[in-house]
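Take the given structure of chain A and dock chain B to it, following the hints.
There are 2 protein chains.
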Amino acid sequence: MCVLGLGLIGGSLMRAATAAGRTVYGYNRSVDGTQAATFDGFDASTDLTDTLQRAAADDALIVIAVPMPALPAMLDHIVDTAPDCPLTDVISVKGAVRAQVEASGLLSRYVGGHPMTGTAHSGWSAGNAHLFEGAPWVVSVDDHVDEQVWGAVTQLALQCGAFVVPARADEHDTAAAAISHLPHLTAEALAVTAAHVPLASALAAGSFRDSTRVAATAPDLVRAMCEANADKLVSMLDHAIDLLTKARASLSEGRSVAELVEAGHAARIRFDSFTRPDIVALSIGEEGWRDSLAAAGRAGGVIRSALPSRDTRG
Amino acid sequence: MCVLGLGLIGGSLMRAATAAGRTVYGYNRSVDGTQAATFDGFDASTDLTDTLQRAAADDALIVIAVPMPALPAMLDHIVDTAPDCPLTDVISVKGAVRAQVEASGLLSRYVGGHPMTGTAHSGWSAGNAHLFEGAPWVVSVDDHVDEQVWGAVTQLALQCGAFVVPARADEHDTAAAAISHLPHLTAEALAVTAAHVPLASALAAGSFRDSTRVAATAPDLVRAMCEANADKLVSMLDHAIDLLTKARASLSEGRSVAELVEAGHAARIRFDSFTRPDIVALSIGEEGWRDSLAAAGRAGGVIRSALPSRDTRG
Chain A
1 MCVLGLGLIG GSLMRAATAA GRTVYGYNRS VDGTQAATFD GFDASTDLTD
51 TLQRAAADDA LIVIAVPMPA LPAMLDHIVD TAPDCPLTDV ISVKGAVRAQ
101 VEASGLLSRY VGGHPMTGTA HSGWSAGNAH LFEGAPWVVS VDDHVDEQVW
151 GAVTQLALQC GAFVVPARAD EHDTAAAAIS HLPHLTAEAL AVTAAHVPLA
201 SALAAGSFRD STRVAATAPD LVRAMCEANA DKLVSMLDHA IDLLTKARAS
251 LSEGRSVAEL VEAGHAARIR FDSFTRPDIV ALSIGEEGWR DSLAAAGRAG
301 GVIRSALPSR DTRG
Chain B
315 MCVLGLGLIG GSLMRAATAA GRTVYGYNRS VDGTQAATFD GFDASTDLTD
365 TLQRAAADDA LIVIAVPMPA LPAMLDHIVD TAPDCPLTDV ISVKGAVRAQ
415 VEASGLLSRY VGGHPMTGTA HSGWSAGNAH LFEGAPWVVS VDDHVDEQVW
465 GAVTQLALQC GAFVVPARAD EHDTAAAAIS HLPHLTAEAL AVTAAHVPLA
515 SALAAGSFRD STRVAATAPD LVRAMCEANA DKLVSMLDHA IDLLTKARAS
565 LSEGRSVAEL VEAGHAARIR FDSFTRPDIV ALSIGEEGWR DSLAAAGRAG
615 GVIRSALPSR DTRG
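These protein sequence lines map, in sequence, to chains A and B.
Here our numbering is used: the first residue of the first sequence is 1, the next is one more, and so on.
Here our numbering is used: the first residue of the second sequence is 315, the next is one more, and so on.
The hints are simulated quantities; they were obtained by calculation from the structure and are not laboratory data.
Keep in mind that this is a model prediction, so the values were computed, not measured.
Be a bit skeptical, because a hint or two may be false.
[Stated by the list, open to error] Taking lysine to aspartate or glutamate pairs in the EDC-like style, the calculated list, with each CA pair at most 20 Å apart, reads:
1. B:Lys560 to A:Asp242
2. A:Lys246 to A:Asp231
3. A:Lys246 to B:Glu576
4. A:Lys246 to A:Asp220
5. B:Lys560 to B:Asp545
6. B:Lys560 to A:Glu259
7. A:Lys246 to B:Glu573
8. A:Lys246 to B:Asp534
9. A:Lys246 to B:Asp556
10. B:Lys560 to A:Glu133
11. B:Lys560 to B:Glu576
12. B:Lys560 to A:Glu262
With the rest of the complex left out, here is chain A (with noise of 0.2 Å):
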């Protein structure tokens, strides 16, 4: 397989990949990340085509690692020398990448992925091949998706210890803004707002470092995830400015803050107690099996081991 991007993800995934007993080959645009890798015994070239060139002879997996802005470049060297080696990539946004490869003609062989972790660091000195390791991982169930593709993105998830969440790109990036987006501005809000305050930085403890990690998060990331899904977190700024600015009306006129309090609470204890039922009961490429997938990820679905498909079925 192709890694194309070797920083926090692509780099882990490198590792990962590479640990689990696959050949992984990779491109970096820098000279720095790639002497590193290269150093630590992994295949990796500053030579793009050179790197595609070889996947297309492979017919390899290609996964896109790259950030969101060095995307449409990236497709254009896919499209001239790799246009039919299978598609993945690990962006965290799935409709604006979806969108881009559909401009460039590579739709059919394309399926989005997307691991859900990370750290507040980034490149290949911050990867490690445990970076996955019980960690969901998206893999598009959209209309468009090929079952061997899909079943080749599944089972590279599968090998790197995360477990899959099949989803629609629609509904990914929705959750996503709400679990991810909006966390960091948040976060960069509640560091902003503390800076301005004398002894801030004296009495912060717990709830003000957890509340603000992730504004630790390189800026050119935080506003590439923020930027290419700008609808779907705009609705979710919309709810909880419309949260924190009716809490502000009841402290205003000494009323009770209980409303919002109380919700908070009850939602955040129905996070911790979420399970994760096995998706086991579905034959990939039978009648509706995007569909299924959806629904069973909707409901808090997930595959820990590699599903029947339509060929191996008895």
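Relative to the frame of chain A, chain B by itself:
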């Protein structure tokens, strides 16, 4: 010393001060909590009058560790039974506590305190002797503060392994609104917003878990601290809502959120590199000592071992 209220903070204080070699006894309203403390070998009672008579006889330092709504009744009992004891508290809003203490006529023997620590759990069983280690413990340096009582409260904080941040009640409350009360409300708002989104629980990972962690705090405690600090919290909410509203406008118009994201990142990085110089060149009781300590605390200074007092200085 005498601890009134043996929940998470009061119970941890009883354990920590006992471990430091002090004689500690306490009162708890609930029979369950009192029995649990007694079972663990501590001197706990459900008889408030008896406990306060003992404190009066010993001239013990009384620490009020009950929730804000229980404070007025507690102060009435102290006025009746132990009005001359040195008095402190561990409640998270200092202006509101001070106002009630003043209304009770107990101000001259009172020095407010606030250990900046906690967990999402509550009650005697949630406490532990190490809760205060390495944590900031604010001790009030308001104008009324008596140097003897101030020394006693500071000594207790240091014995529990905390370091002392001297601060005026008003400045403490503004900072607490920024670094604790506001993050609690944003955590509640994030949890409520995500609760409406299918797939959100399925995809939630570290950023959501961290940014909503404090929403698991008992709603009564969150309400008590937010509502008792309503004025300061409203200002902080205004600031945060304004930042989020501007980001929302940028996103809806296809513009960048760079301004918020870069400012948030810079603020969070500064927070990580914040250092705390030791306050050493001050003598308690010397001319203007309260103002000097407030200024030193504002600049990030902390007290890690007892300062000399006017009496002990050569």
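Cross-check of the supplied hints:
{"no.": "1", "hint": "B:Lys560 to A:Asp242", "in the structure": "holds, 14 Å"}
{"no.": "2", "hint": "A:Lys246 to A:Asp231", "in the structure": "violated, 23 Å"}
{"no.": "3", "hint": "A:Lys246 to B:Glu576", "in the structure": "violated, 28 Å"}
{"no.": "4", "hint": "A:Lys246 to A:Asp220", "in the structure": "violated, 32 Å"}
{"no.": "5", "hint": "B:Lys560 to B:Asp545", "in the structure": "violated, 23 Å"}
{"no.": "6", "hint": "B:Lys560 to A:Glu259", "in the structure": "violated, 26 Å"}
{"no.": "7", "hint": "A:Lys246 to B:Glu573", "in the structure": "violated, 26 Å"}
{"no.": "8", "hint": "A:Lys246 to B:Asp534", "in the structure": "holds, 18 Å"}
{"no.": "9", "hint": "A:Lys246 to B:Asp556", "in the structure": "holds, 14 Å"}
{"no.": "10", "hint": "B:Lys560 to A:Glu133", "in the structure": "violated, 37 Å"}
{"no.": "11", "hint": "B:Lys560 to B:Glu576", "in the structure": "holds, 14 Å"}
{"no.": "12", "hint": "B:Lys560 to A:Glu262", "in the structure": "violated, 28 Å"}
Going down the numbered hints, you'll see the structure goes against 2, 3, 4, 5, 6, 7, 10, 12, while the others check out.
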